[in-house]
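Undergrad: Order-wise, the sequence lines are chains A and B.
Numbered by the numbering used here, the letters in the first sequence go through residues 1 to 328 in order.
Numbered by the numbering used here, the letters in the second sequence go through residues 329 to 633 in order.
Some clues are possibly wrong.
[Claimed, not checked] A few chain A residues facing chain B, derived, Cβ under 8 Å: (1) 127; (2) 133; (3) 195; (4) 225; (5) 226; (6) 228; (7) 267; (8) 269.
[Said to hold, decoys possible] Restraint ranges, calculated between C-beta atoms of paired labels, are given here: (9) A:163 with B:423: 31 to 41 Å; (10) B:492 with A:64: 26 to 36 Å; (11) B:371 with A:269: 38 to 48 Å.
[To be verified] Capping the alpha-carbon separation at 25 Å, the derived lysine to any residue pairs in SDA-like fashion look like this: (12) B:498 with B:521; (13) B:380 with A:269; (14) B:498 with A:70; (15) B:498 with A:270; (16) B:498 with A:146; (17) B:498 with A:269; (18) B:538 with B:451; (19) B:538 with B:528; (20) B:423 with B:578; (21) B:538 with B:560; (22) B:380 with B:356; (23) B:423 with A:146; (24) B:423 with B:552; (25) B:423 with B:451.
It is worth saying that the hints were derived from the structure and are not from the lab.
All residues carry an ideal CB built from backbone N, CA and C; glycine is no exception.
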Amino acid sequence: MRELDSARVTPFPAVATEARSRGLWRDALRRLAGNRLAMAGAAFVLLAAAVAAFAPLIDRYPPNRQDASASFEGPSGRHWLGTDQLGRDQYSRLVNGARVSLSVGILTQIVAVSFGLVVGVAAGLGFRTLDNLLMRFTDAVYAFPDLLFVILLVSVFREAVAGSATRTLVVMFVAIGLVSWPNIARLVRGQILSLRQQEFVRAAETLGASRLRVALVHLLPNTLGPVIVTATFGIPAAIFAEAGLAFIGLGLPPPTPSWGRLVADGYDAITSHSNLVLAPALAIATLMMAFTFLGDGLRDALDPRLAAREPRVRALPVRAQHRLRKAA
Amino acid sequence: MTSYLIRRLLWLVPVLLFVAAITFVLMHSVPGGPWDRDKPLPPAAVEQLNRKYGLDQPLWEQFGRYLLGLLQGDLGVSYRQSDRPVAEVISGGIKVSATLGGLAMLVSAAVGVPLGVVAALRRNRALDYLSVSLATLGASTPNFILGIVLIVIFASTFHLLPTIGWGSWKQAIMPVLALSALPTAFLARITRASTLEVLQQDYVRTAWAKGLSVRAVVLRHVARNALIPVLTLAGPLAAALVTGSFIIESQFAIPGVGRAFVTAIFGRDYGVIMGVTLFYGLVVATANLAVDLAYAAADPRIRYR
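Only chain A is shown next, with the shape it has when bound in the complex:
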């Protein structure tokens, strides 16, 4: 009898329990899994990550081994993607180069997100002067043309690390990260400003939570969705930056294989052996596209309101569509 009563009080018990078990993140994950393009993107990213992780196991030759007698060989059973001018196996170099592109893409965004979160949260704490100061600073960094600043930074510090591949890589993380953070800082601050107006934040403040506690416990977690989306879109931008730097001669010191360096090396032989430049070029473009698809999917999954803003109804009245078709 008692059970019956409680059932009457909550008219849709099944729905209620389901709603309780579904968190925001799990919900987003489910929406993401239903997005085919995003899943294809994620699959390629995982593939690239696996290739990067197991590069020494799946390459067929040491990536830097030269063979003067095998210069510019076409693709064959021995050299799947041919060899470059120095007779190095292009497939092995491509596989090992994945490590650079992926780590540049992801680590620069970690730099950018940590910097952007600190500045954004600090600006959104509610201290006027601090906010003004930080935002003016962000604006000033924003006035730097991105690529110009990256070129400048890398040209300064790659000399200082004198040809060490690992340290040049660190220079790139920092340089590209340093131009990417203002986006995130602005985003976080904007989010925090609008969140501060919401009841749950007001409630926390009324209950006497400190500014820092409100910021870290109540505000920060709610900004993470958009931050993740922005960072995902930042990854292809960083991969592009690395490749571009290598292309104009500011990449990792030779002979370290990176996709950007492979493009730059292959570009010298573009008229005679275009296969050498096309393979790494397609690898870069595909990886960037995979991250873009994943970013699109994440955005739709994490902010269903955005997706829902696309009108559900047919865009044009049926009659107009007929007329449009006839006109075409």
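Given chain A, work out where chain B should sit, using these hints.
TA: Then chain B, alone, in the frame of chain A:
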């Protein structure tokens, strides 16, 4: 509004000062100097050159002198191009870079905007999917990689177009196409989104109900309103195109500001590095200001104080 504009313009001064200071320090911390040659110059000559250009003085004094010159409109001289004034290097290069960027902007507006409108009108149809995939492809292919693909097709395989230089329309085709892919994709995306929103509006339904022709509704009522947010982004987009062609200019050997900057970086040509950075900083900051003003002009609800 006027006071807002004045305040924003005044604010450019400290921003550019900040940009100048950072660049100055960074630039001078690169090892080596503008006199490095394959065959090293005798130390006495280097010393004399340093004295001539004031490079032997403390950094802050050099910076002070630079700012003083800047106030008088003097950007200094290029150490690598036999004392050619930096202002001349920039004004010579910007004609090329602006033409390149302007052409790319035209191409992307001519392709991207109609693509976005059509995609929205034919929402969730083959044409829509096609244009959305093209937009994603364009947005995620680096411009110089597109340049490579174009070179392989049009230069290596069919020998139709030259791969380097600037001056004839044939030389412009590949760099302009390569540079315009990203803005085309970007414009198509936002035009599509904004058109979809406009199609929802009551006045569009009214226009249909009045029995207006498809052409009249689409051109007069939909496209016009949908283009407002697109137009406000045109400024920064153009700025990004003009200031973002370092790699394309290097790839196709185009004598623009971007290539001048890359050359200057490798040659430690301090004057040119500073000049280009400040000039590009000014362009980007002005474009950012323009977009804020354009928003206010397009949307009467936005008021700046």
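Undergrad: With reference to the structure, classify each hint as holding or not holding.
TA: Here's how the hints hold up against the structure:
For the restraint placing residue 127 of chain A at the interface with chain B, the shortest Cβ-Cβ distance is roughly 21 Å, beyond the 8 Å limit, so the hint is violated. Taking 8 Å as the C-beta contact cut-off toward chain B, the hint placing residue 133 of chain A at the interface is violated, the least distance being around 12 Å. Contact between residue 195 of chain A and chain B, as hinted, is not supported at the beta carbon level, the nearest pair being about 22 Å apart and thus beyond 8 Å. Restraint check, residue 225 of chain A versus chain B: the minimum CB separation of about 19 Å is more than 8 Å; hint violated.
The restraint placing residue 226 of chain A at the interface with chain B is violated, with a minimum CB-CB distance near 17 Å, outside the 8 Å limit. The interface hint given for residue 228 of chain A is broken, as the beta carbon of that residue sits about 18 Å from the closest beta carbon of chain B, more than 8 Å. Interface restraint check for residue 267 of chain A: the shortest CB-CB distance to chain B comes to about 7 Å, inside 8 Å, so the restraint holds. The beta carbon of residue 269 of chain A comes no nearer than 10 Å to any beta carbon in chain B, farther than 8 Å, and the hint placing it at the interface is violated.
Checked against the hint of 31 to 41 Å, the C-beta distance between residue 163 of chain A and residue 423 of chain B comes to roughly 38 Å, which is consistent with it. Our hint of 26 to 36 Å for residue 492 of chain B and residue 64 of chain A holds, since their Cβ atoms are close to 30 Å apart. The supplied range of 38 to 48 Å is met by residue 371 of chain B and residue 269 of chain A, whose beta-carbon atoms lie about 41 Å from each other. At roughly 35 Å between alpha-carbon atoms, residue 498 of chain B and residue 521 of chain B are farther apart than 25 Å, so this suggested pair is violated.
Our distance criterion of 25 Å between C-alpha atoms is broken by residue 380 of chain B and residue 269 of chain A, whose separation comes to about 43 Å. This hinted pair does not check out: residue 498 of chain B and residue 70 of chain A have alpha carbons roughly 37 Å apart, beyond 25 Å. Between residue 498 of chain B and residue 270 of chain A the alpha-carbon distance is near 19 Å, which keeps this suggested pair within the 25 Å criterion. Restraint check for residue 498 of chain B and residue 146 of chain A: not satisfied, since their Cα atoms lie roughly 30 Å apart, outside the 25 Å limit.
For the hint linking residue 498 of chain B to residue 269 of chain A, the alpha-carbon distance of about 22 Å falls within 25 Å, and the restraint holds. For the given pair, residue 538 of chain B sits about 23 Å from residue 451 of chain B by alpha-carbon distance, which is consistent with the 25 Å threshold. For a cut-off of 25 Å, the pair hint linking residue 538 of chain B to residue 528 of chain B stands: about 16 Å separates their Cα positions. Restraint check: the Cα-Cα separation between residue 423 of chain B and residue 578 of chain B comes to about 16 Å, which is no more than 25 Å; the hinted pair holds.
Between residue 538 of chain B and residue 560 of chain B the alpha-carbon distance is near 31 Å, which puts this suggested pair outside the 25 Å criterion. Taking the CA atoms of residue 380 of chain B and residue 356 of chain B, the gap is about 17 Å. The hint holds against a cut of 25 Å. In summary, the hint linking residue 423 of chain B to residue 146 of chain A is supported, as the alpha carbons are separated by about 21 Å, within the 25 Å threshold. For a cut-off of 25 Å, the pair hint linking residue 423 of chain B to residue 552 of chain B is broken: about 32 Å separates their Cα positions.
Between residue 423 of chain B and residue 451 of chain B the alpha-carbon distance is near 41 Å, which puts this suggested pair outside the 25 Å criterion.
Hint check: violations occur at hints 1, 2, 3, 4, 5, 6, 8, 12, 13, 14, 16, 21, 24, 25; the rest are consistent with the structure.
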